[in-house]
Structure formats: C-alpha cells, structure tokens
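**Student:** Here is how the chains run, residue by residue.
There are 4 protein chains.
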Amino acid sequence: MTDNQYDLVVRSTEIYTPAGRVNGQIAVRGEKIVGILGPEEPAAARKTIDAGTNPVIPGLIDTHCHFRDPGYTHKEDYYNGTIAAAAGGVTTVFDMPNVDPPTTTVDRLKAHLENAQSKAVVDFGHNASGVVPENIKGLAEAGATAFKVWMMQDIGRDYPHPPGTSLTNHAILYRVFEEVAETGLPLYIHPHDHNLYELFVERAQKQWGMDFRSYARALRGGDGVVLNTAISTILEFQRSVGTKLHVLHLSTREGVRMVREAKAQGRPITAEANPFAMFVTNDWANIEKKGPYALGFWVPEEDNPAMWGAVVDGTIDVIGSDHGPHTKEEKEVGWTDMYTAPGGSPMIEQYLRLMLTEVNKGRLTMERIVEMTSSNPAKLTGFYGKKGAIQVGADADLVVLDMDHEETLRAEHSHYRCGWMPSEDFETKGRPVKTILRGRVIMEDGNVTAEKGSGQLLRPQR
Amino acid sequence: MTDNQYDLVVRSTEIYTPAGRVNGQIAVRGEKIVGILGPEEPAAARKTIDAGTNPVIPGLIDTHCHFRDPGYTHKEDYYNGTIAAAAGGVTTVFDMPNVDPPTTTVDRLKAHLENAQSKAVVDFGHNASGVVPENIKGLAEAGATAFKVWMMQDIGRDYPHPPGTSLTNHAILYRVFEEVAETGLPLYIHPHDHNLYELFVERAQKQWGMDFRSYARALRGGDGVVLNTAISTILEFQRSVGTKLHVLHLSTREGVRMVREAKAQGRPITAEANPFAMFVTNDWANIEKKGPYALGFWVPEEDNPAMWGAVVDGTIDVIGSDHGPHTKEEKEVGWTDMYTAPGGSPMIEQYLRLMLTEVNKGRLTMERIVEMTSSNPAKLTGFYGKKGAIQVGADADLVVLDMDHEETLRAEHSHYRCGWMPSEDFETKGRPVKTILRGRVIMEDGNVTAEKGSGQLLRPQR
Amino acid sequence: MTDNQYDLVVRSTEIYTPAGRVNGQIAVRGEKIVGILGPEEPAAARKTIDAGTNPVIPGLIDTHCHFRDPGYTHKEDYYNGTIAAAAGGVTTVFDMPNVDPPTTTVDRLKAHLENAQSKAVVDFGHNASGVVPENIKGLAEAGATAFKVWMMQDIGRDYPHPPGTSLTNHAILYRVFEEVAETGLPLYIHPHDHNLYELFVERAQKQWGMDFRSYARALRGGDGVVLNTAISTILEFQRSVGTKLHVLHLSTREGVRMVREAKAQGRPITAEANPFAMFVTNDWANIEKKGPYALGFWVPEEDNPAMWGAVVDGTIDVIGSDHGPHTKEEKEVGWTDMYTAPGGSPMIEQYLRLMLTEVNKGRLTMERIVEMTSSNPAKLTGFYGKKGAIQVGADADLVVLDMDHEETLRAEHSHYRCGWMPSEDFETKGRPVKTILRGRVIMEDGNVTAEKGSGQLLRPQR
Amino acid sequence: MTDNQYDLVVRSTEIYTPAGRVNGQIAVRGEKIVGILGPEEPAAARKTIDAGTNPVIPGLIDTHCHFRDPGYTHKEDYYNGTIAAAAGGVTTVFDMPNVDPPTTTVDRLKAHLENAQSKAVVDFGHNASGVVPENIKGLAEAGATAFKVWMMQDIGRDYPHPPGTSLTNHAILYRVFEEVAETGLPLYIHPHDHNLYELFVERAQKQWGMDFRSYARALRGGDGVVLNTAISTILEFQRSVGTKLHVLHLSTREGVRMVREAKAQGRPITAEANPFAMFVTNDWANIEKKGPYALGFWVPEEDNPAMWGAVVDGTIDVIGSDHGPHTKEEKEVGWTDMYTAPGGSPMIEQYLRLMLTEVNKGRLTMERIVEMTSSNPAKLTGFYGKKGAIQVGADADLVVLDMDHEETLRAEHSHYRCGWMPSEDFETKGRPVKTILRGRVIMEDGNVTAEKGSGQLLRPQR
Ligand SMILES: [Zn+2]
Ligand SMILES: [Zn+2]
Ligand SMILES: [Zn+2]
Ligand SMILES: [Zn+2]
Ligand SMILES: [Zn+2]
Ligand SMILES: [Zn+2]
Ligand SMILES: [Zn+2]
Ligand SMILES: [Zn+2]
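Chains as they are written, first to last, in this note's numbering: chain A, 7 to 468; chain B, 7 to 468; chain C, 7 to 468; chain D, 7 to 468.
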C-alpha cells in the first residue's frame, strides 16, 4: 500500500482518454498512472501541473525514426535525436536499423540497444533489420520490437541503404514473412521495386539531369509503378503467410486502394503515412523552393487526395515521422546531384505541430491524431496498455498542448544538430508545451531536461 | 472540494475500460465515477466491492425494449420491466413507443415520461413515435432520445402496431427522415414492406394454415424480400437526406450486404441485431419446440451465418434486446393461430447471460459485447461520456460478472410477470452478479433492490 | 428449291454483321435474307441496291414507343407513328399500353393488335399492361411480347397514366413479377416512387410555381430518390423472383451503380436509356429554350456523366425511343402549367440521326449503336435470329445510312402529325437514306412508301 | 467476276455464326467464304459437304502451342504438330518461342517462319520471344503476332526455359511492356515468381523427395503465391503502361479475382485457361495415376471452382492448348525425379473433344467454346474477320462435328509422334469429323490429308 500523496497530478479540462475527452486529473505514482480522477477530487501531490483548458494527450510514439547512431553520428546521435523527440512531444521511439552496423544479428542488436540506453532521453525500442531470416527468431528474443526490410539493393551510397538492411530476393523476403510471423511481431516494409526504380532513374537522369527535380520525378515514374508493384507483392505475401504487415510510406492512390481492400478482408495489415509527404513534398512548390532539403519523396498532385483521404478515413493507421537528418554539406550537393545526396530529413520535433495546425484548420480531429500517433503505434508494437493511452496502469507519458500558440518554424529554434529542416518557415498554430515521460517532466517550453540515458528500453512480452 | 472518503469503490482485476482491461479500482462519489485507480492505491470508501477476478463492465444500455406501459400493463409495466432490466445487468433503457397511447405528441411524450419516472428502477429515455413529421421537432425538444417508425399499417390487432406507430406512405416517411435529420437524433426503423408481407401471409395461411409455423414462414417468404425491399428503401432515403439511420432487426444476408456497403461509404448508419434472432429463432428446432413462445421472427439457415458474421465483424453496431412480453394466454393461441397471437417475447433479463455464454465458448469477445451493448448504444443515443464507458466523469453504471456460473435458465427464476420466456431451459455459463446504477447497487445475486421511480430520465443535450 | 434470281440484293462495303463490318452483298428472297455474299459473287437479282460505301445496318427495333392509338389519335395513330418510324430507320416497334383502353385484358390486347395490324407500316408487337396479375398468362398467350408497368397511380390527368397501366401496391407488383417470370417474357418497369414524387411536386409548386422549370425539378428532388428507391425495390424483387427485368429510363448515378452491380451477379437484368435524356433534357439550356417541348424528364448535370458512361460501357443494353407525341395545344399550357400539360415528345424519326451524329463525333461506335438499337432489343424481346442482325435466315430488315449528310432538324420535314419535336434545330450529321422491311424498300430519301397495314405482327414463340 | 459454281458448299442445320446458330449453307470460292446462304438456296458447287444436323463451327485457333521445332524435333516437329492440330479441329496455330534457338531476333524469327512454312499443314503465326526490348519493334515488323515472356530464369534444364525466353528483371520486363505497347500487339506472360518458386522447390524436395508428387506441390506452395505475386505485378505494369496483356495459365482463385477486377476497369486484359488444368491436373487422382504424364501444373481443389467459374462466366477469354510433347524417355524419369523431367504434354488433338464432352454434359455451351477457342483468339491476335468466325470474307476454316460419337481416347489413335498423352483413357462424347482449311478438307475421320507446307503464314497488318 502506498501513502496519501501522489507524486504528480496533471489537471486539464481536456484530457484525451480512449473514451473521449475528460475534464479531470491524471494521478501519477512513480512512473505510472495510478488514477484518473474527476476535477473536484482531492488529489494531494508532490507536484501538480494544472494545464487549465490546454489539452493533454498521451505521449507520441514514433515507430519510424532514423537516429544515425551508430555509424553516422555526425548527422545525429541517439541523444540528440531523442532530445528533439522529447521537444516534439514524442515519449517513445522505435528507431530503424539502417545504421552502421545494421542490426542484423543478436550481437549487433544488443550493442545497439546498449548504445541507445546510454543516450536515450525518451523510451525506446528498436526495429531490427529483418534481412537475415535465420536471425529473426534470435533478434526477437533479444528484444526487437519489429522487423524492417527495404525492398532494395545497396544503391551505391553508403547511406541510406547499406548492406544489411535491404533485400530484393523474393524467396528470402518470403522467408522473412514466415519467420516474423512466428515471432508474432510486425514486419515493416518499405515497398520498392528496385529494378524498376533503376530504370526510371536512368531515364530521369537522361531527361532532366541529376538535380533534385530529376530525382523527385524518378521515383514516381510510370505513375507509381515502382511502389505499387512492391505493395501488391507484399500484400500477396501477407495473404499467403498471415504475417502482421505494416506498409510504410503509403502515398499512391493505387497503393491506398490495394491496402484498403486487403484490410477490409480482416487481414492484420496496417499502413503508415509520413509527415514529409503530407506537409512538404505533396506540393511541388516546396520542392522547387527547398530542393534537397525538402526531399524525401515527391507525392504528385493526382495521388495527394488519396493519401490525405486515407489519413482522414482511417486507412492510414500510423503516422511515422520518418525523421532522418543529414548534414547541410551532405544535402547541399543535391541541388545539382540529388542522386548522390542522401534523402531523409529531420521531422520528429515538428510533426505534432504540423498536425495540430490542421486541427486548428478543421482538417484533422485531435482524436484522429491521438489514434495515429499514439494508440495505434502502441497497438502495432504490442505495448498498448503500457503506452498509447491515458489510463490507469499505463506509463505516465503525457503531452500538454497549447493550441493557441502561433509560430513560424525555424531550424535555429529546434534541437537538431544538423541545422536545417524541411518544415522551415512553415506557419503553425498549436504546440506541445510540456512532455512528461513516466511521470517526469522532460520538456517544458522547449527546454529538454531529461538526463542522457534516462530513456527506458521497451521489450516485448513473449 | 470533497472529503477523503469515496462513497463506493469497486475493485477488480478485469475492469473493461475503453482502453482495454485494467486491474484497478473504480472510485465513485455520489453518482459519478470520479476516479479510476490502480490496484495499490489507497481508496478509502464508505463501501467497497471487491470483485476479485470477476470482470466489471459498464452497465448495459438497451435501446430497444417494449415495456407495455401505458396501455398493456397486464403484460408488464415500467416497474416490472426495469426490475428485469436491472436483474439482467441493464442500467439504461430506451423504450419503444408502441404503447397506448403511442407517443406521437408532446403531451403524450410528457405523460409517458412522467409515468416512466414514477416507476423506473433504471435510467431511461424514450424513443418517441416518429410518424407525425410535424410533431418531431416538438418531441425532440420535449426529450425524445430517438424516433422509431414501423414501416407497417395497423394490421388488425391492437398490438403491436396500433395506429400512431407505423406508416407506409413514403412521402411521409421521407419527411420523417428530414425532420429527424434536423433534430440531430437518430431514426430507428423497423424495415418491412407491408403490402408484400400481406401477400406472403395470405399464401402462408393458404399453404400451412394459421399456426406458428405458417406465421414464421410468412415473413421470410420470397427469400427475405419483405425486409430487403424496405432496407434498400431506407438506405436510399438516408443517402438522399443524410439522417442518422439505425436499421433495426438486421437478419437477412442481402440486408447485411446492403448495410455493410452503405456504411463503407462513411454514411451515419448503424445496425441492430436482436438476441431472439441470434439465439432462439435462428434454429427451427426451437420454433418447433416453443412455438409462439419462441416467435419473434424466424431467421432461416441460409441467413444465419451472414447475421452472426455481421455481429462478429462489426457490421452490427448495437444489440437491442427487443424485449417485449405478452401473457401466456395471449401467446397460447399462437399454437393454432399465430396470426392473432402477438409476436414479441421477454429478453431483457437474459440477453447478457446468453452472450456471456458465447464468450465462454469463444465465439464473442467481452470487448465486442461491451461495444454492442454499451458503448455503441451510448454513442447512438448521444450519451457517450455520461453512459457507455467506465471512465471518469461518467455515471457509475457497472455490472459485476461471474463468468463461471452455470445455470439452466428458468422463467420462474426471472422477474418477468408473464411467467415464460423464449430462453427457457437454455444452458448458460456466465451471469451478472451485481448491477450498480449511478453508484448504488441495485441488483445483487438476482435480487433487485432499487426503489420504484429511482431511475432517471435521460434528456439529450440540445 | 428456288430460281436463280434473288428478289433483292443490297451491296455495301460496310455491312454491319454480328461478326463486324463486311464488304459484300445481302441477298434476299421474299422477306428473308437467304445469303450474305462476297462483293465479287454473281448475284442476279430482280432489284439491286448498291449502297457503295454507305453503311448498312439492321433495321432498328424500338421497344419503347407510345403511338396514342387507340384513344388519343388526335396526337398520333399507329399509321402516322409507324410512318415516322420507317422514316427514322425503325423497322420494328413495340408500343406501350398506355392507350385507351389500356391493354390489360386479352380482349383489349386482341383489339389493340387488330387495330395496329390495320395501320402499321413496320413490324410490330405490343408491350401489354402488366397491372393485373391474373391476366398475364392469358395476355402472353394472346401475343404480348413483354409487360409494362408504371410504378404510379393515376395522377389526375387522363394521360399518360390512366387507370390500367400503373400500380403502386408492392404485393400486386410482386405477383406481376411472378406471373411474368412464368411466361418467360421480360417485364419493363418505369421506376417511380409515387408517394415521394407527390411530395416533391408539392414542394416544387410551392417554391417555383407551376411552370416547366418547376416540373423538371420536381422529379429530381432529393437527388433522384424518387427513381432510386423504385429501382432498388424492383432489383430486389428481381433477385427474389428471378424475372427478366428491363429497367426503363435509367438516368441517375445511383441507379446506374445499382443496376451495374446487379448485372455483374449474372442476373437477367437489362437497362434502357432514352434519346430525350441523352440529347435534350441533360442540358438545362434546352429546357429553358424549349420548355414543355423539351420535357420529358430532366437529367441534372451531376447524373449526366454516369448515364452517358453507362451508354458507352454497356451497362445500358437498349435505347428505347420513348417516342410519345402530344399536340402543340396540349404542350403549350406547359409554359405556365406543366403539371397539367402532358410529358412525352416525338423522337422515333430522329433518334438514329442523333446517334449517328455522335458516331461522327467519335463518342459512340456504330457497333454500339447496332447493339443498343437492334441486336439487344431483339434479344430482349426474344426475336433475335429473326430480327436484330444481318444474317441468313433473318428478316431482311435493313437501313442504308449516309454518314456525310448534314442537316438541321426541322419538325416540318418530319412525318409527325403534331408539328413539333424536341430535337428541333439540332445540327446532325448522318441519316438513314433507305429503310428496307422484309425485303421491301419502305422509305427512300425520307419518302415512306409502305402501305397502311403492311407491317407484321410479331408473336413470341411459346 | 466469278463463274456460277462455288468451289465448295458446306450445308448444316447448325452453323455457328457470330449471330447464333443458322440453318444454311456456307459457300466457298477459293479459300474464302463468299456466301452464307439459306438452306433452300440453289448453290451449285464443285464439291458439297452436307453435314446434316452435325454442327459446323469455325476452325479452332490455338494461340499457345509448343511444337519443339527447331531444336527438339525428336519430340515433335512443325509437320507432326500441325497434323495433330488438323486432326483436332485446329486450323490456325501460334507457336511459342521456346525452341532452339529461341526467336529473340529478326533473323531467328525469319528462319523460324521459313522452317514453319516448309512444314505446316495449318495456318500459323509465331509468338516471338519478347525478352530483348530492343528487338521487339523489329520482330513486330518481321511478322511476330504476339510476344511471349516467361517470368523465369534458366532453371538448369535446356528445356523448357532456355536462355532467350525468360526474364525476371522487372526493369527489362517493364521495357518489354512499353515496346510491345508501341507495336499494338498483345503480350503473353507466363506469370511466375522465380525466386519464390525456387524456395518452394527446395522445400518440396526436402519434404517429399524428387518425384512427380513433390514437383506438383512445389509450384502451389504458399497457396499460389508464386503465381499470384507475378499476376499482381504484371497487372500493375499493364495499368502503368497500357499494354494489351494476355495472362497465361490462369488457375488460382486470387489470380481470377485480380484479373476479373482489372478487366472490369475496362483495361485491355485477357486471360487464358489450359485444357490440362481444366481436365487433367485439377484432379489429384489423375496425377497419382499418370504421374509425369499428367504434369503440367497441379490445380488444387480449392482453386478449381474459381478456375472453372472463370471459364464459364467469361473471365477466361481464351483456351490455349499449351500443347507441348516430350518423349516417353524424357517423361519416364519423372516418376522418381520430376525436377529433371520436363513438364508439358500433348493436347492439341484432344482439347476440342474434351470440351465437346462438357457440352454434352451441359457444363459448357457450344457458343462459349467457339468464343474461347476461335473468336476470342482471333480478336486477341488481330485476325478477326479473316479468322475466328463463319462470315463472308473470312477464310473458309471450318470444323464439322459429330456430337454423338463416343470414344475412349488412346494415344495410339492419335497423330502424336511421342506415343502418349495426358488424356489417355478419358471417355469422350463429341469429336471433329472434318477439318476444312481455307476451303480444302484437310482432315476427314481422323485422316489428315494436307500437304506438308500447305499452311499459310499469318502476318499482322500494320
Ligand atoms: Zn523507408
Ligand atoms: Zn525511413
Ligand atoms: Zn421492430
Ligand atoms: Zn421491437
Ligand atoms: Zn416511362
Ligand atoms: Zn415511355
Ligand atoms: Zn507457360
Ligand atoms: Zn506453354
């Protein structure tokens, strides 16, 4: 039995629980929510945060981020990355395996998790590389929370698709589906038809040269066939094997149609959309203006309504930030040669702001944001109950929002080491003002106060 | 501010909240849940109920019951009816307007609510008769929670479809759709093609005589065309007007297909299934054995999988008990002449037991039961937040279950005045052991202790 | 055995046979095609028509015309009507039963056919009134080729829906479906929800007065709900009974969707579009300009693409002219009171011209025209083989076209007694220059030379 | 102008024309049908065949046969193969390019056509190998009638997939789609996921050894995923490029679903079913009994209804015989090692008999057979008008059938050099009794009388 004082109480007239908005108090003891209380209840606490009418939502869970650590820590490391996460309202991250070395083996995974543990300021798990079927069971036992595969080959750049993250061989991919199915974990796939892509790259280079415009068009050659062919393939693999499949980067109308149809059959399929595609690269003007700093993948006008439609209607289950910074030097070459410049851009600190702005515009509801950024990611990764909802027994991961705050986004105000971001100069309304991780305030008004290494490893229960 | 003792605390390792099962305590002050607390939290209370490992679910909300009061109180009155409800785990009822006089006018509605208030032992609202378009706005203002229309004519019996509850004229029905749309309330329709039905009745009587078998077959003549034609009509009216439409009694495969397709277009349509159809009349053997005491409407073998499929996959949103007793004398005639005997049968006390039995068999999940019997009914009627979920701020309407209790159902153990029921002799496993309404235990081990008139009127916020 | 000379040979480089265009000769003996010959074959004949490069198509079959005889012969009689048909390339007509008396009984049908026989200059059959189920079998035996039902009541005008053509009672309609199913004949239904229509009429009159604009809008009130509700009903009846159903006047996008879906299930359903709707009333400017002389039913902009899409893609099986003249005096009142003025307009002489114009524009193919105006109508009525195709054994019903002829349509150049037409002043390119019925040229350059009564009754083989 | 006697007249009461069955006479002058005449017409002819009540259908067109010439003429050569074709009622063949050398270049194609010309006894064209995109335009100009690609790699046997017929690289395949699209010719694809297949082979060998049973199961591992993944890929390529796509070997329920859906969008897609799959390998008992002599690919029980459903409902457009003999010696090894034994089996002489037997059983209509074996193949290859229909102007390619002939099939009665066939001992009813090619009888009662080299090359009009 415990004493009479809570460690923390958070009050708000707009607490977003799974049962809708509640006017009340979230009572925390240690790291856990131990009570949800009405507004009038006595709730003595060592610390009380009164959010007033500011909404409180569960901490964001980002199932898709690239922290560049180990191997590319000049771009970002796990410490920087999770500081930006905390600043953005993200309390849990699952980072991707395209680091050096990629997490293809148990030893690498253990080392990766140890390194992460030494630096993370938010809770974390790791999406291990699923390219070696024989290693999947071991990786699952060693704590992988999901498996990630790029349907790619090493494409001549050490980043982002180094050996150990990608595969194109369907036999191996099918075995990956089988092995992952046995672990019960989800399989995240970046759909891509590598041979086809090379064809469109060659053509784009011939027609438009090497710059960012050429690069943007290459991937969407043939009206999305590079993506759609891969999506239809993995959906059929899923039908054959039964694996929990998470389709990354959904952005073509055919892809949306196929995924929607497959989900309607009751199969365990989820889909992701990315902030860069929803807010930046779906407007060619941004690409023209920001060039390599916008890219990412272009979403042409004819596919944009389908992608946003899927976000609004629930075909999209999860928003993954796809946060992935590079240095300005690395990006700068993209103005003239985007094919050697790396794709990827930092996003983890801003994507909640961008979505809150849409709430203020009436395009998204707060409930839908909570679903896509917190409850669904928690369900996908198997941590719902502990994460992803403001409920008793869950970790006290909370974000206090200020929906009236207007701000022009500037990289200089961000926590990114790289010094730039694709959402530069975007007008926003709404931001996280406090991030609370397991009962501790780790961000307040932009200041991240969490200690290095204070994040906790999330290990699936097996 | 309040004092340190809760009025009631309910402990269980399996509290079904909207965020899943929680091990914890529900803290109640007055009528409201003011806290959900972890199992270790100190929770001093005037009264503590420790359910141990028994599940606790939100009180059932029955959007479809017929209490026969006023006008037919020899069958049942609002007091008897709500006692049976309380015994069955139902804490909120919305009764139907086919009483005498039917609730077609503001004055009648007011009188009806007053009468209900004087007798109800659970909370209640009323589905007013929607047959007079001019009166709909007034009825909504006077507190109707929904509107109900039978697509029928007075069929020569004073019960169950007296003047004032039914209409067949499409122009009037269309105006009903329009008027109800403006109130924002849902429109409940019993789909039926009256002309067609008369045709099949005539034929059935010619072919099979007047008994219960003949009657059972009449409604399903032409492979469900009596129902399907009506369903397609109201779905098209809904498309045209935009009204919140609640389709009652879904039980044909074509009906399921049409409703599923219409819902997939994002239209505000919900559908109901009934316990008598799910458990009794979908097996001809029951009809043979129980005759008029089984009927209700027959669900033929070829339609049963579609109906149950819709229950399992979410096409069905709501289970409405369609509780509607008659006396044995009234029923008895149905052995030889079911066309003058009334349909309808008592169910409100047993339907939770029947569904819990399916949970024990693995056919339904507890989550799905909570959805169909509590959260979805609350959302449909607009009371979600106050009712339909175990959450802070909500009414403390709770049911404690004993999932291991095995029982052969007997009318003599029920609270029905009529002395019989269609679920007689069914083997069940699982029952409600305590019903709590707004913080007060109103049923314990089958004994209903609530005072007459202690139920509360639910009035939509406008 | 026969002699060496054919009675007639028609030569063309573009004969439209079921196997595509053939360069050759159609050899006729007596009334029949007895040979299709290559262009080089010797083909001695008493009469040779060399069409050169002018296309030759099978004579049009109009399954939907209103000749007003008997009862309204001041508008048109069977002689006038079939002369206009012959002038328009139509060699077979099936007229509708809304004459006086309507053809509800065997005696009336016999009288109707006798009268028609005494006047017709093209072959003919009759779509009997199907409103009296008991009479259907007899009518089929007496030579009805199909049954027609309006889902209407007498609407206060003696024309066009007098007692004896219409019904709204679903029980009777269902019995009609059953009785017609047993005859094997098709059932043509004018879908309409009468009650609903009256509602929209009342509103339209209140809002827009009594003129043609008001009338046009009334039928399409509620976004086509008057039509769609009826279509969904008859499709469900068809599913239940299995009758061959021919849905008339398809023109709403929901109707197109429902019919397309039902046909895809392999059910014996066909659908009709009408020239007035495809060419006249689908452009509000025509309604504004021609007022009562345009109407017919308005097809709003949002439904036009679906209707034309259905024409192009094959969802529409049959073009029925819906030819139905009235006098100018009768129409003139429609400028101020269209609700007492009759709908209906003359079309049988121009609809081929209007479609040929679309062939010249590239919107329709000649093959599709032949399908919709000849082969499919022949299949629908059961006369394929005898009618509807240029093939050996078939009646020598042929139309020679001049695809280069440009003409501004004028009623004064038509054969209509009524002196006006909705296609007045339309610019066309393409016309029939010769109509051949059973081997005899009955129209040449607009002059119809057939003798009164020379048309032949088509009697279904039973 | 020509003289008064036809060269040939064929009389029958059941001539299957595109407009249905006709009682009449087919008049032939030289190689062409110059007249279709009624039964009473005088038709003097140098030769008259009176088929009486025996049906006459257009000569079969086999778009998919493997004659093994050049390169494997010990199995069969073009002379043997086309003699068997003529015996089976096939008057036109389009052979496949997996010969030695495969027809990847203009020179090879020319040599192939010359060789074929020197031996063929029926008309012929060639489906060139489409694996070298750069050569496609030239091959089209040199007379290819279609392009064929196996989605395979050389699999360690010189037959059937030697270098030069297969490709797995999607970039090259996409370019093939593009190049073939520009020629306007159809692209035939054998859908197969080679990597996946190897996986299932490895597993099958491990689990079941090397015999025919193991081989049969290997291809259908993963519930058809080897085929379905490939089908979804080529359907998406087709959507992207617009090529006329002909999907070979359709036999999985998912494949049928995908193809049906894609066709419903109006895209130029056709699909093939094969006799071996419809009659032999869809029954495991045949595989057990005939082992390597049955295989071909197994069609499991759960896919058989979908495949046959697609045959009946029109989703399947074309029956390709997939005739492909091997010697007994080559096959015999398959009892113990089917992985080195070749697949493929002789069928061209029997498939019409097998289908006629189904007509006698009521499972197929004669009209559907004519569509799938003659008119649709003619439309697919662009020769409709000249081939594929009994009509004036077409080649006089005719088959006279005896629908009452009962026969147990025996390879010894066939014209196959290889001495065996998968339809050995099948009971049939119905056979071709005369085959007429361009006006000459080339088969009568099983005796093929055509001279070597009398077949004619079919060259697409460009
Ligand atoms: Zn990716
Ligand atoms: Zn990524
Ligand atoms: Zn009801
Ligand atoms: Zn009821
Ligand atoms: Zn009509
Ligand atoms: Zn009409
Ligand atoms: Zn093949
Ligand atoms: Zn083959």
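None of these hints come from the bench; they were simulated from the model.
Bear in mind the structure is a predicted one, so any value in this text is a computation, not a measurement.
Wrong hints could be hidden among the right ones.
Copies of the same chain look alike in the list, so a pair counts if it fits in one copy or across any two.
[Stated by the list, open to error] Think about it this way: if two alpha-carbon atoms lie no more than 30 Å apart in a straight line, the pair counts; the simulated DSBU-like pairs of lysine-lysine are: (1) Lys269 <-> Lys334; (2) Lys334 <-> Lys435; (3) Lys295 <-> Lys392; (4) Lys212 <-> Lys143; (5) Lys334 <-> Lys392.
**Student:** Each hint: holds or not?
**Tutor:** Here's how the hints hold up against the structure:
no.: 1; hint: Lys269 <-> Lys334; in the structure: neither (40 Å within a copy, 49 Å between copies)
no.: 2; hint: Lys334 <-> Lys435; in the structure: within (27 Å within a copy, 66 Å between copies)
no.: 3; hint: Lys295 <-> Lys392; in the structure: neither (42 Å within a copy, 51 Å between copies)
no.: 4; hint: Lys212 <-> Lys143; in the structure: between (45 Å within a copy, 22 Å between copies)
no.: 5; hint: Lys334 <-> Lys392; in the structure: neither (38 Å within a copy, 54 Å between copies)
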